[in-house]
Every structure is written in C-alpha cells, then in structure tokens.
Amino acid sequence: MRKISALLVFLLLTGMQVAFAQRTVSGRVTRSADNTPLAGVTVQIKGTTTGNITDLDGKFSLPVLNNDAVLLFSFIGYNPKEVPVGSQTSVIVGLEETNLVLSEVVVTALGIKREAKSIGYAATSIDTRQITNGAQVNVGANLMGKVAGMSVTAPSTGPGGSAKIRIRGQSSFGGNNSPLIVVNGVPINNDNQPGNGNSDLGDGMQSINPDDIETMTVLKGASAAALYGFRAKDGVIIITTKTGSKKTGLGIEFNTSVVADKAIDFTDFQYEYGQGNNGFRPGTIAGTGGTIIPAPDPLTNARTSGGHSFGTKMDGLPYIAIDGLEHPYSPQKDRTAFYQTGLNFTNSVALSGGNENGSFHFSGTNTDASSIIENSKFNKKILDIGLNYKFGEKLTAQVNANYSIEDNLNPPTATQVYGIANSIYVMANTIDMRWMKDVWRDPLTLNEIPTQKLVDRTNPYWAINMRKEERIRNRMYGNVLLKYQILPWLYAQGRLGQDYFNAKYNINSPTGAANLTQPAYGFNGTYQETTSDFKEVNADFMIGANQKAGAFTFAATFGGNAMDQLSTSNGTSVTNFYIRDLYTIGNGQTKNPSTSYRRKKVNSLYGTFDVSFKDYLFLNLTGRNDWFSTLNPKSNSYLYPSVSSSFLFSEALKSVMPSWMNLGKLRFAYAEVGGDTDPYTNTLYYTMSTNNFNGSFPYGNITGTTNPNPDLKPLKVKESEVGLELILFNRRISIDMAAYNKNTVDEILNVDISNASGFGTKKVNVGKLRNRGIETLLTVEPVRTQNFTWQSSFNYTYNISKVLQLAEGQTRLDVSDAQSWIGKVSEEVGMPLGSLRGSTYLRNAAGQIITTNGRFSADPVQVTYGSVVPKHTGGWINTFTYKSFRLFTVIDFKGGNKLVSQSNYNFLREGLSKKSLPGRDGGVIFDGVNADGTPNTTPVEAESFYTGYSGKKLYDPFIFDASYIKFRTLTLGADLSKFVSKTFIRGLNVNASINNFFVIMSHVDNLDPECVSNVSDTNGGIEQMGLPATRSYALSFNFKF
Amino acid sequence: MYIMKTKYVNAMKIKYMLATLLVLLFGMSSCDKGFVDINNNPQGALTIEPMYELASAQIIGTDQHHYEGEIAQQIQLLIGGQEEGGNRNTVNQGNMGGRFDFYFGTQVRNTVNIINRVKNDPQKQNLYNMARILKAHTFMILVDTYGDVPYTEAGLANISGINLPVYDRQQDIYLDLEKELKEATDALDATKDAVPGEIYFSGNIPRWKKYGNSLLLRLGMRYSKLDPTKAAAIVAIATDPARGGVMSANADNVIVKYNSVQNNTTNAFCQNSTKHNWFVSKPFIDFMQANSDPRLQYIAFLLPDPSKAPASSNVANTTPASQIGCPYGYKDVDIASAPGYPGPSSAGATYKYSQYNRSTVGRVDSWYYVITAAQTNLLMAEAKVRGWLPASITTTAQVFYETGVKAHMSQADMFATTNGGVSPITDVQATAYLAMPNIVYNAGTAIKQINEQYWAASMLMWAEAWHNRERSGFPVLTKNFISGQDASVTAGDGFIHRLMYTLKEMSANQVNTQAAADRIGGDKLGTRIFWDI
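Here the protein sequences come in this chain order: A and B. Going by my numbering, the first sequence opens with residue 996, and the numbers climb by one from there. Going by my numbering, the second sequence opens with residue 3, and the numbers climb by one from there.
Hint data in this document are derived by calculation from the structure and do not stem from the laboratory. On a predicted model such as this, the values are computed, not experimentally measured, just so you know. Every clue listed holds true.
Calculated cross-link-like contacts (lysine-lysine; reagent style DSSO-like; alpha-carbon spacing at most 27 Å): (1) B:LYS259 / A:LYS1586; (2) A:LYS1797 / B:LYS506; (3) B:LYS333 / A:LYS1947; (4) A:LYS1376 / A:LYS2035; (5) B:LYS481 / B:LYS227; (6) A:LYS1708 / B:LYS35; (7) B:LYS506 / A:LYS1948.
Which chain A residues face chain B? A few, computed with CB under 10 Å, are given here: (8) THR1563; (9) LYS1586; (10) LEU1679.
Covered, in the sense of this in silico footprint (three residues per stretch, anywhere, with C-beta under 8 Å from a C-beta of chain B), are these stretches of chain A: (11) 1509-1522; (12) 1751-1764.
We put the CB at the ideal spot given by N, CA and C, even for glycine.
With the hints as constraints, model all of the structure from the sequences given.
See the structure below:
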C-alpha cells in the first residue's frame, strides 16, 4: 500500500512539464548505416517534456518555441543524438547503432522490454533457432541442456508427452514446481495431464508451435519473476509470438519436417539359461527330457513360465513356446524388435506482411506423430495469428490468438497392467514377443491370452488391439492489447487475455482382460468418459512513465491484474457390461458419475520503479500485492517486494578499463515471491455417494481425509542472488555467472495426524527448505573469420537443496504415492530434497549381511540412498558456421542424483539380468554371515533365492547413480537460398539432425540413464516400466516465398 | 505567463492524479470483493442428513484375509512377500493396518460425528442411539484386534481439533461399551423418530434392540475366562426378555447386502489377479469332511486351472470328498514335502488345493454377515451350559445349539439364493448332520462342540472366528510351526493374539501409541488382549 502511494507521488512529481508551442519543425530519422527510415524514435525538445515519436517512414513534426531549441533523438539500440534546431524547419538525422553489447534488449516480466545492461538479475534469451530444428514434438523438450540454471527432462512417454522443466531446483516439497509460462504477456496453463496408468497426456507447452515463437526469455530468479507475485516461485518462461514486421509486401513461409524415432536397446541380459522355472523348461510335444515342467501341458507351461528365465541351459532344441508353436530354445536378444519406427510429420505454413500502419503473422501447423507402439498416435493442429496495428499517432493495438486441437491416442502407460513396454522388457530371454502377434485372444472365450503367470502383465497385442485411451483437447488462448501513448514519456495500456480449453477423455479396460475380476453376471471391463473445461481470464492494465533529469533516468510503471480461473469436469465411469465389447456408458452395469468444480480469483496491484545513473548504475524496485479468494478473508492479502541493481563497472570506470573489456557488469537482487493455493481447502464438506447402497439406501460422508485448515496462507520464496557478466576481447569470450540462495518458507504440508482422529492428514504452513546454487555460462568464439565461425558455449549449474524444517516433531515426510511397489521418495530434515528411501540388507554390527538358511532378509529400519534431484546440470553447445552451412551440437549432462529401478528389480528376480547368473547350478551361496558370524555356506536354489527380493522393499541392487552425459543433438543446417534465387523461392533452409544421439556416460544397468518415466517431483527417481528411450532422425525444410 | 501556464497545467495534473489515486484506493479496499462466495464450492455440501452418515458407517468393513482369516485358520496362502502375514506368523505392517485405518476413518468418524450432531436433538434420538450401538460394535472389534486404542478422543479432529488422540485402556473401553450398549438399546423407542434409511433393518426398532442385546451378550461372553461373575451378570442383562431379547432367527441377522454394484470386498480377492494363491485351509476342510458336513459342497471347489475362472474348459469339482485343504506350516518352497501334496510338481504353476467357491460363498456380490442368529444361538447355548441365562429362559442348551447350526445352514444367500441353481440344504440333511457322532449334542463336550460350530458359522467373518476361538479355546488348532516366525508368537502359544499398531500411528501419534504399547505389554503379535488369558 505504502509503496503504491509512493509510486503515485512519484508519478505526480515527474508530471511537471512545459508545453508551449510557437512554430513547427519537421524531419526524418534514418539508420545511418543504410539510410532506412527508423520508426518509433523518440524526439524530444531538450529540457522540456515536449516530444513526439517518428512514424513508419521515420518522419516527425514538433512545435518549437525558438531557435535555441535542441532536439534530442533517442531510440533503444541506437546512440542518442542532439541536434540544435537553429532556424531550420526540417531536419534529417541519421542515428548510429550503439555498441551491440550495451544495447541488447530483453523482454522481462509483464512484457516490459528492458535493456539487458540495466537488469539486476539473471535472464536468459534463447536463440529460437535452437528450438525450431529439434526433433521433439513438445517445444519444452527442445530446451534440454540449453540454459544455465534450468533442468529439462523429457520422459519417454510417447510423442504427446510432457516436458519437465525446473529452474533453480525444486521450490516446494510436493505439487507443482513448474515455471510459469507466459505467452504474449498472459500466463497459460502448463499443467501436466496424467492419464490412466501413469500415461502422459501432455502439458500446456504442447499447444505452442516452435515456428511461431519470436522470442523466448527465461527469468530464473525470484526478482526476475517478482512481478508475477504468487505465480513466481519457480521462475518464468516468457514467450512472444510473431506478429509480422512492418515491411511492405507479403511473405510466405513453409516448414516441413519428418522425424523418425527408433527405440534403443540398452539391455545386457544373460543368454545362458532360457525360459522356465527352478531349472525346468517348458516342454516339447513329445515330452522328452527330464528337465521339462511336467504338468499340465507344454503350452500352459510355456504361458505360465513366460516371465521367468530360470530354465535350463539354452541348447537351441525345439520347445513349445507361448504361441503354441515350436521354436528353438535360443537367445532372443533384441528387446526393441517389437517396436515400430515412430514417424512424426510436421508441416506449417505462415503468412506474414505489413504496411506502414500494421503487420500480421498467420500460421497453421499440423503434426502427425506415431509412437514406436502401434496404435499410439498424437496429432495436433495449431492456428496462430498475431496482428498489430497503429491507429493514428498514439494508439496501438495488438492481438494474438492461438487455437489448437490436440489428439492423444493411446499414450503408452507405465504401469504393470497395460504397460506394453514392461511386458516386453520382462519376457523370458528365449521369447520373441512378435510370436504373439496373432495369438492374443482366445477364439473360444474371446478373452486375453496371457503370456505369463502374472496376468497383470498384459499381452502387448491385447493392449494394442483392445485398449483405447484418447484425449482430444480444443484450446484457444490469446489476448488483445491496447496501448495509448498519452505523452512521449507516459503510456497506458490495457489487456484482456484468456486461456480456454475443453478436453474430452475416454478410456476403456476391455472385457476379457486376464487381470479383471469376474462379475456376478454379464461381462467385466470398465469404460470412462470425461469432459473437462478450463478457463482463465486475466485482465490487466498498466501505466508507464519515464523521465530524465540530469544524470538520472527514472522509469515507473503501475498496474493491476484480475485473474479468474475456473476448471470443471464432468464424467461417468462404468464397470462391467451387459453386451460384450460395446464400450458406452449406457451398456455399463454400474455407473459412477463424477463432477468437479474449482474456481478461484486473485486480484493484484503492482508497480515498478527504475532509476539509473549515467547509464552504468541501475536500481529496480518492484512490489506486487495479491488478494486470494482461496484464503481466509482475514488474511488473504500478501505483498511481494523485490529490489535489484546492476552496475556496469566497464562503463563507470571506462578510463581505466583495458580495451579488451567490452562489458563488465555486477548485479545484485533480492525478492520475495509466493506460491499458489487451492480453492476450498479451508472448509469441511460432505459428499453423497454416487450410487445408493443396494439401489435404495443413499449414503454420504465427510469429504476427504485431510482435516481442513481455515488459516492457510500461500508459501513464500525468498531469494537473493549476485551475478557477474563479462564480455571480453571483442566478444570472443563472454561469461555470465550467478550465485543464488533461495529459501522457501511457510511451505504447505499435509502433516500426518493419527488416523484415529478421523482424518489422515492436516494441512499446515510449516515447511522450510533451501536451494543454493551457482550457474555459469561461458561462451567463447575461438574462430571468427569471413567464412567460418565456431562458437562454443558451456553452461553449468550446481544446485544443492536442504530441507530445513517440517512440522513440529516431524523429521520425515513421505511424498511419493503408494502406487510404486519399489522406491519411496521422502523429505527429511537436514537432507537434500527428494530422499530415496527403502530397506537394506539386515546386517550385523560389523556391516556383514546376515543370512538365515542361506537367505538374506530386509532390515526393518529403512535407509536413505540419496537424493533424486540432480545437483549438477548443464550442457555444451557448439555451433560451427561455414558460409551458409551450420553444424550445431548439444552435449548435456546431469549428475549427483540417484534412481531406483523397478525394471532391474524384475530383471533380477525373474532371471533376466546377468546378476541372476551366480548359483544356477548348485544354488546361490550368498556372501553373508550366519547369526554367529561364520560365513554362510548354505546354497539356495537360484530362482528361490532371487525371487527372495520380491516384496521386501529392499533396494540395494536396484539403486543406481543417475548421472549421465549424453550427446543430445547433432544438427547440420544449410541455407540453400542462393541455389534457388532464380526461382520464385526467396529462401530455402535445410536441417538434418539426430536427437538423443548416444550416451557418453551412464551407470544404469539395462536401461537408458534417463529412464525415470514421470514428470512429477514426488515420484522423481522412481523408474517404473517406461517406454525405451528413442533416437530420432529429423529432416526439415524451410521455404520462404 | 509562461510560469502561470505551467502551474495551471500542473494543478490540472495534480487534480487528475489525485482523482486516480482515490479511485485506486477505493478500488483496493474492494480487491477481495465477493471472494468468500467464490471460495464456497457450489458442488460441495456443507452438511448432510446424519442418517446418510449412519448408512455409510453401516456398510461395515469386511474382513481382512492377510491376518484374521489365517489366524482363525480358515484361509491360507503359500507365498511370501507382499501377501505375507498370518500364513507365516510374521510382521508385515502393510497388511495389518486395514482394520485400524478403515474403522477409524469411516465407522468411527461417522458415528462420532452423528453423535455430536444429534445427541441433543429430541427429534433424532433413535438415530442417536443406533449410532451409539454401531460405534460400540466398531470399538469392540478394534479392542479385540489391537488392545488399547483411542476411544474418548477418537474421531474428533473436525469437532474439537484433537489430531493426536490418547489411547484408552482396553478394560475401560469395554466398561464403557457395556454401558453404551445397554443404555442405547434401552433408549430405542418405536414411538420416536423413524430411521428408514439405515441399511440393516430400515429402522425396525425391535430388531435393533436384538442387535444391541446380542452385541452385549457377545461382550459379556468375552469375560468368560477373565471374570465369570461379571460375564454372568452382563449375559443376564443382555438376554433379559423384558429388554427385547437377542437374535434368534435368520431374519434378525445383521447383513450388508452387497450386490453387483457394491461388491463384497472380502470376496473380491477370490476373483482378483492373485486368485490362484488363496486356498481354503486344511483344518477347515478336514472338520467338514470328517463329519460329512453338507455345507462343504457350497464352500469349496477345486479347479483344474485355479488361475482361471470356472468355465467349460475349466470345470470346477465341488465333490466334498475331493476337496483338499491347504495346510499351515509350509511355504511355496517346501509345500511339495507336505503330506498329501496334490501338485503340481514344480513351483511356477498353481497349487491344486481347494478354493472358496466363486459361484457361491466367494461371489463378489454375496452378502456380508455382520452378526448372525447362528452365532447368537450358539452363544446362548454356551451361556445356558454355564448357567448364566435368566431362569425365565427355559430353552435347553441342545436346542440353542441345534438352532444355531441349522440357522447357519439356512443363511439365505450363502446356500440357496445365489448359489447358481444348487438346491438349499434341506432340514433332512441338517438333521442327519446333527446326528453325526462328533456333532450330536453331548453335554460332556458341549462347550467344545458349540465353539467348533461357532467357528464354522463364522466362516468369512474371520475377526469373530479368531476372537471367539481365543475366548473359548475351541476349536483346538495345531499351531503353525513355520520357520522364521515372529519371536513374540514363538514365545507364546504359537498363535497371533493381536495385530500391531500401524507404522503411521507409531510415527504420527508416537507418544500416545508408545504409552499404549508399554501398558499392554508391548506392541507385538503375541501380546494378549485383556480378556484373553
């Protein structure tokens, strides 16, 4: 409040001006290099506030009092110039471009453009060329390894999947730690949409076509993002899309690309012993040999032992396999043979143009992507339009709109049931799953033919042919901006933005699947249909002013935002059917409707105040106050302040600086920002059951198991940072470093209370955590000649987190969901975020593993194996340009984190991994000691021993160092425009690239080091049954007409 | 003039700015206008009719097969790991907290909430007293299972903010349950409010009185070893015909009528993906076979392929003589060495032991019996033998015994209604059974016979089968000599006597849970409940 009043007083004080006209002087401003007109140049009479702005032809006219008047020309990116009027009535002025280093402009919070040199915090602009030629369907996934301080993971969840982006670590224990995505000044929804069985239905970034992006800026720290208040805790990615340029004439651009995705096989299994159990193998029809599973018949034996490789030594002799045919008992090594080549075709056409008053950019994109699994597809169509127009001298309007239709069909699941990838991975090593291509449905019963005893592991062909999950989303977001230049130093703008989508979702669990329960009558199976809508409206206004007084320049803005968010969903799920294979709501026996409604509003007022001294000392203050509908009205108002400062010592001390110092800048910042809160968490509600009991008895309950807390407040992040930027030797070397300390307080925790209280948890504001780190970007240009340049940039981030406090008396909070059988993620006081916990072997005081009858057991006291959050992230990007050819490489890495691999747990207990080889003949004599300390000498039959890992939650053999180094991308691009210059084509660019090229370093057995298939933070580090990683080959063409 | 004009402009500007400022200040004071309404969920109810909460509490948690059914030796599985528990007498925390969490989270939360809402409402006194009876029933099972549990402070998180309730002494809880059952049953009044939405009897007060009295009878009988005098006194009150009497016929049974929509969760396991692992126990099958029990044909079947549903290619064998019960004391690794092992001859296929018949008692839509006339008649038989019944009750112990056995045989849906066309057990069959040498009523072995029948009649009601065996000592079961069992079980009589507090309770409510554990003699499987001496 006080801050806002101060801002207004400032506005009043700077409002003094002189406006007095005698005669008119007119003129034209050009760029001195090529004499092209410069539009938007501020022309001011020195010492007054009288001024104007040049039009599209660079022309202006201005009233002057007398011949002593001096015209002051200024324009971002150009050196200011003073011209005495004298007796002239017309002046022609050429402006020279300023030193590029000092004039770079960055789009910052709320769309405010600022000179990079004046910014006191870390903000990174992304070269859009680096994200348009990537092979990933999701634009977020293309950011991997490219920005210091930003960690990007693109889990292997099919072409319609999400990208996980974290900036400067993870700011809260659970929930959403994704940065805010702002497109053209208005936030858009970027929630990950989980489907059934951990499938990934995509996120908000999917709706953006990379080719439409004009600029992309990452605001990393809290101070950078402070103007977003409660939404700023995880940084902001600011995207502006194209609105065309004010060139006359029409431009047409056409992009086409094709990407081929191939599964990569990382398995290194044992191929000595084949399918079977306990040293027995499935039989032959003749039933020869004493090592054959004796009963009941060879085919049943083949299908119940399909998940185990504890058979006899492979000998290549024929046996009856899971498909009922004879196959040799020999290795089947290629775990990727089952998968097809995923193909992704993207075509986009863009039309742009402009005249002196405005411009437009219009584009349409179609992406057709098929996954490596049959019948798993993703299609998106995007229409994007950007317009800007100038009505007269002072009023400008800008409109951006993006409409997309995204259709995600059968996204791969990462659970046991319907987890195709899991079923493929765990099949015995003498089986080729393709044998089952036509053997997935019993012709008599029409039910699934299982491939192994554990029928939860679906026959992949049953899944491909029978199961259907689809989400179709229609989305439209965009905004309208009106800006009025009241006076040369004062503008006002208003904006209305909306993000709206409707998603239709349906999924079945088909009748006859082997894992389903037998119904009382009719047919088993489930079907669900859900329609959901999301709408967020943001209305904002801003008044901005700037003034110069001597060596000081002032700028201030004042604005407000009203956010109204509503999400609803409406669906019905049915269980069991009357008519077989008719998946409709009407055919369901039990119908369960579900609805949800969530609405919240946040109103905000904010302001900024910038002051600079002599172009080398800059101070920036911001304040934002948010009012939340979701909080107790007595305490629903929170203020988020920030201060940042930039000092260009290279300019301030220019006289003593060496000539090779192009830029030297120090920056400091401190900010407090917040987190979001959910609606309706402070009230106790009741819910009626959807179906009456036994048809006639309605029943109801208190809703949920979390005891509501009426006094919740949003969490707060307090962050300070210092930074140093150096540009040296004529830009041959650039260094950008930052160190930050980010404390999260008032973290909202669901604290365990006694279940005997009637509730399981209570929501309280008690948690504290800290992220500390440094981020560095070093760019060097070792070669810069007329024809050849080599630019090499290396970014590295070190982030270390610490849980400082949980609820009183609470030392640990489990955050992972109970779904995973193996692996648990907890937050522990005094430890880094994301402790991976589990049981270890029961050991004696000397640390030796205690065995009983030759078997180990699990220590009931669980241990922490390490953090699942990487400490080190970074990338090394090289760009080689030779004439019109460009070679671009990305190597990226993460390190210092652990993962637990559920697949490797299966590989061991089911006899696939090499670790399961010891003891196949004569039993496993485990390296342990008996209770009395003597070495264990008791052999245990191999299968019986390795199966002993089941259900013990004992993770030692399945914990891996998740550090990796990958050669992520290799792109070769060429500008072939000159070869087509004689045709109607104005430009032609070709790019060929390989993504996920190869792994340079990994410590994970049998899997890709990035195998964790989940974007959630609470289940981070738990590998369970994701699709294999893929290598993709992309070819793209860009035509300009 | 120049200066004056400047001043004029400034004055105009100042006025304009002040106006803006005022608008903004005014605007700011209403920056949260309407927010309270927005934060009321239009789809959430701030209150509901308490009768609907009672119905929720009545859809009572079905029995837990990982411990209770195995301690009572009625169901068995051979594998370890996830499913381990009572089959190996080991501690598997994941499988023993279901009763605690579900009962406190649903039954206790609802009944405490109803009692808090209606206790002073003269229009809802029957509802209030039904909630008291149901709450008492819930706590009786909780005490029998865990010993000391939170009682006076339980279920109050949303009412009085008690997040970490203290544990009460089990003896004290029982005393209060006795008072509650008596008071609430007596206070039920057919002339007062109707409670048509309760699912047991649609508000029938005489049947509710029988339910309350039968619970009080069961509670009194729990003292039979600890304090026979007290037991006799409670039984006399419970069975006093002037107070409404106890359950006598199947029409009095308390039943949760599960159906094809809301499935019987105890039975759902018979059909789930690990269905091939669950077997009927050897002691149970042996008891039935030894006495040519007509119930066996409905209870157990043998499938050629136990992992698959019964079908024309997988025809179930229901012949009683063919049934093979799964023994205790073995694991999957050594079951092949068990006497009478039916195969297969290697691990990896499914064992050929009998399973609960998925067309009859194991159906997902079969009813769940909460407390039955069969059980109550058998308790009456024992009370008669012990001489604890009021003189006005002249029925003989033998008649109570035979009525109880026949009541179980004719429990409607179990053996007749939904059995897939098999004819119900006839009176002739029942009578013939009651004439079998070991079954025919014998005053000398009556207590043993009665409680063996109670065990059979509590089939699929495993908690009660377990607790009544602890109370009475019958049937005599062979202890499970399995290797690697929990030390507290080995140190005792080889049986699990209680389940342990949940890990969550030990961490969230540590001080209170630890105090309770110390009081009862340690939070162990072998620790006995106070009446179990």
